[in-house]
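Produce the complete structure using the sequences and hints provided.
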Amino acid sequence: MTEPSAPDALTPWPDTVDWRPVSPKLITVELITRVVWVVVLLAGLGIGWFFAPHWTWGAGMAAVVVYGVWRSIVTVRAVHAWGYAERDQDLLVRHGLLIRRLSIVPYARMQFVDVTAGPLERAFGLATVQLHTASAASDARVPGLPPAEASRLRDRLTALGEDRAEGL
Amino acid sequence: MSTAPPQEAADEPRRRLHPLSPILHGAKSIAVVVAALSWQTLSQVGLERFALVVLVLAVGVVIFSLVGWLTTGYHVVGRELRISDGLIWRRNRAIPLERLQAVELRRPLLAQLTGLAELRLEVVGGGKTEAPLAYLTVRDAAALRERLLALAGRTPAGEAQADAGPQAAATAATTLERPLLRVANRDLVVSQLLTPQAIFLPVGIAFVVMQFVLEAQWTFIGIASTFTAMAGVLLQPVRRVLQDWDFRLARDQGGRLVVRYGLLETRSQIVPLKRVQSVGVTWPLLWRGQKWLHLRLDIAGYAGEPGRDSKRSDRLLPVGDFTTARGLVWEVLPGVDLAMLATSPPPARARWLHPFALRYFGAGLTPEVFVTRWGLVTREVSLVPYARLQSVRVMQGPLQRWLGLATVYADTAGGRSGQARDRDLAEAWALAEQLAVRARIARGPIVTAPPASPTFWQPPVRP
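Protein chains in written order, with our numbering: chain F, 10 to 177; chain Z, 108 to 570.
Simulated from the structure, these hints should not be mistaken for laboratory data. It is possible that part of the hints are untrue.
Footprint (simulated), chain Z over chain F, 3 or more residues, beta carbon under 8 Å [as the list claims (entries may be wrong)]:
1) 48–58
2) 111–120
Only part of the chain Z face toward chain F is listed, based on derived beta-carbon distances under 8 Å [as the list claims (entries may be wrong)]:
3) A407
4) V501
5) A520
6) G522
7) A539
8) Q541
No residue lacks a Cβ here, since even glycine has one placed at the ideal position from N, Cα and C.
So this is what it looks like as structure tokens:
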């Protein structure tokens, strides 16, 4: 995928797995969310500046803008870093740039599957699929899936989960 | 949940809790109320009025509890335990027994005096203990527990017992037990004296006394607050001693683990061995002189309970030496020898992240369990059976990426994960793959269960 990791003899196996990307439309969704937050924060700080004029308010606004821009640049790469793969027995999910995470969740351990879509996600035709196990630490969430793909994944996960035992 | 179909309800009538339960529940609330009113109120309003207020409150609380008791009922329908309660907000809860993790019988002080007991069921996914049935007579509670566990286990013997009736099951359970271990109360007291709180207490007292001697100010507030502070510090060790008093372990005829302990509140917990999610071994610093250790048993269901140490029932061995622990681990996780657990350390470059503790880090794959160890001051070892693995995670932070390291987590339903910290990246991937493969093998062959007789218990595969 976007991983330019060294393809040597020690190539770790996650790079040899057939990773599927999430929809690039997720970038837009994330960016809009970020812009809304930045605007809200800027408005708050602006009101503060209006009532109690001091340069720190301005510095705060600048910091918010810089942070927002930096996060937005990172977002583009972070969305490309999301990936999932369905193997015979388990679902692999990886994400994160600064802190990289890879989760291996066996289908047999599935307790239930969530498919969620916020208003913004719906507007862009996206959904999030999350696989829950009995362990709270398990982290298998795949955002930014087209609804068709989300329901296909959900159905596949539940079908595979049903075949197997009780999950504990 | 749906209510019971009438024909099923006919063979098993809905049963009530013991008639004394509302009074016991009420007593608890009254104690709280009296404590809230405090001595100050007593001195202000006078004894008669105070007594009147308490009386009125007591009557109110008892009536309230009585209504609660009248509306609460439980019965076993097929393979479910149904509990209904609530007057205004009716609640019918069905607990599928094949999901039962452990059953605990608790007897607080008041219940001990009245010969009653509380039955607590642990199921996965509950934020807290589901459906504590408080209170039943000890005999009823033990019989019900045996019946529920027999239904949950669904062993042929268990079925026969369940059919034979609760009484038969209860008597069978008490007679056929193989005691494993009993912790000496002396060891328990000594072990709790060897905690930071108890060790630093004399130092604290000396400091306070010296201050008084030097300043010569014996104010009431000063003394009172000193005592309160001391009591607060000592509370945890004392509570531990009271809780773990007379700790006994046994195996019952179904091979399940029976744990009994407690002085003021006795607890007796039955855990099917297949419900053990992980075992943790801890060597606290101050116990090292005695070569003592502590064993912890993680069961799914307790994880959701907030980390209040006192409330959790997760002890396998409150204090003991290595030989005892070795024997116990062998009982709980057959084939796992605590003395033969080989682990390998992380690469030497990880010392940039952990200059001192690195020597005690380690991870290893034995045929049955995933072993991880860590901790400089308090050494810990965690054993996660592959068959109980929920998911595997690999995490790599920025510093770790710079050093080419990664941490592997083995998640269990018990809440605590086995973690192999700061392994070499290639090794971490291999470890994660190995864990996934071994977990798959340990789970057994894919069970394509026919709808008629679903498999509720996964047979473990032992190579």
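query = Which of the stated hints cannot be reconciled with the structure, identified by number in ascending sequence?
reply = Numbers 1 and 8, in rising order.
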